[in-house]
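J.: Each chain, written out:
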Amino acid sequence: EAGVAQSPRYKIIEKRQSVAFWCNPISGHATLYWYQQILGQGPKLLIQFQNNGVVDDSQLPKDRFSAERLKGVDSTLKIQPAKLEDSAVYLCASSLALGEQFFGPGTRLTVL
Amino acid sequence: GDSVTQMEGPVTLSEEAFLTINCTYTATGYPSLFWYVQYPGEGLQLLLKATKADDKGSNKGFEATYRKETTSFHLEKGSVQVSDSAVYFCALSGTGGRRALTFGSGTRLQVQP
Chain A
5 EAGVAQSPRY KIIEKRQSVA FWCNPISGHA TLYWYQQILG QGPKLLIQFQ NNGVVDDSQL
65 PKDRFSAERL KGVDSTLKIQ PAKLEDSAVY LCASSLALGE QFFGPGTRLT VL
Chain B
871 GDSVTQMEGP VTLSEEAFLT INCTYTATGY PSLFWYVQYP GEGLQLLLKA TKADDKGSNK
931 GFEATYRKET TSFHLEKGSV QVSDSAVYFC ALSGTGGRRA LTFGSGTRLQ VQP
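If you read the sequences in order, they're chains A and B.
All residue numbers for the first sequence refer to the numbering used here, where the first residue is 5 and numbers rise by one.
All residue numbers for the second sequence refer to the numbering used here, where the first residue is 871 and numbers rise by one.
Among the hints, erroneous ones may be present.
[Said to hold, decoys possible] Covered stretches of chain A, as calculated for chain B (at least 3 residues, CB under 8 Å):
1) 21 to 32
2) 50 to 62
3) 86 to 94
4) 98 to 105
To be clear, the hints were calculated from the coordinates, so they are not data collected in a lab.
All residues carry an ideal CB built from backbone N, CA and C; glycine is no exception.
Excised from the complex, chain A in its bound form (with noise of 0.2 Å):
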């Protein structure tokens, strides 16, 4: 069965520059979650979506991140503009339901 894929998985930009994410989560899988996890600490969540509607977005930076889950299947998650304190792993997770999350390689962002 094939896992969480996420792209990129490296990206460097200049603050100021937007940039965005992409998540293919488990197929089947209703729940899909992303984390921002910044070196040295754990990973914090920024949004979870149950199929294509946002269970909770309270962590989210809404002046500068968004994000979506267009039918319900893959998401795409955006930085614009971006800052330097952004520079971060970004995972994806996805679940059954409510089940067991498994998460995806990653996409380190450096924000210069």
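The hints should help you fit chain B onto chain A, whose structure is shown.
T.: The following block gives chain B in isolation, referenced to the frame of chain A:
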């Protein structure tokens, strides 16, 4: 809100030594508790979990017991191997529809031959 506190690393042990990584939590209700592991160059993997008080999760020789009275979920292994070198994260998830994980800051384990 919910939070998880785990011991800071790195923890350096010799092969076959006993391992304990402490984890305590603060949460409302009755959360589920997890240990995730991140091997070098790999993604997060679920190591073990416990969903109610006094449950013991176990996998690959690792164990952790859900202690509600002390709000703890300490990770233990009787004899570590070099291949156990990784970063270990304690986490909890709430109940209801919001099942996102709240993670601790991670503990790096280095096992020397």
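J.: Compare the structure with each hint and give your call.
T.: Here's how the hints hold up against the structure:
1. 21 to 32: Since 0 is below three, the answer is violated.
2. 50 to 62: Satisfied; 4 residues make the cut.
3. 86 to 94: Since three or more residues must qualify, the claim that chain B covers the region 86 to 94 of chain A is violated, with 0 doing so at under 8 Å.
4. 98 to 105: n = 4 at 8 Å, threshold three: holds.
The structure shown violates the earlier hints numbered 1 and 3.
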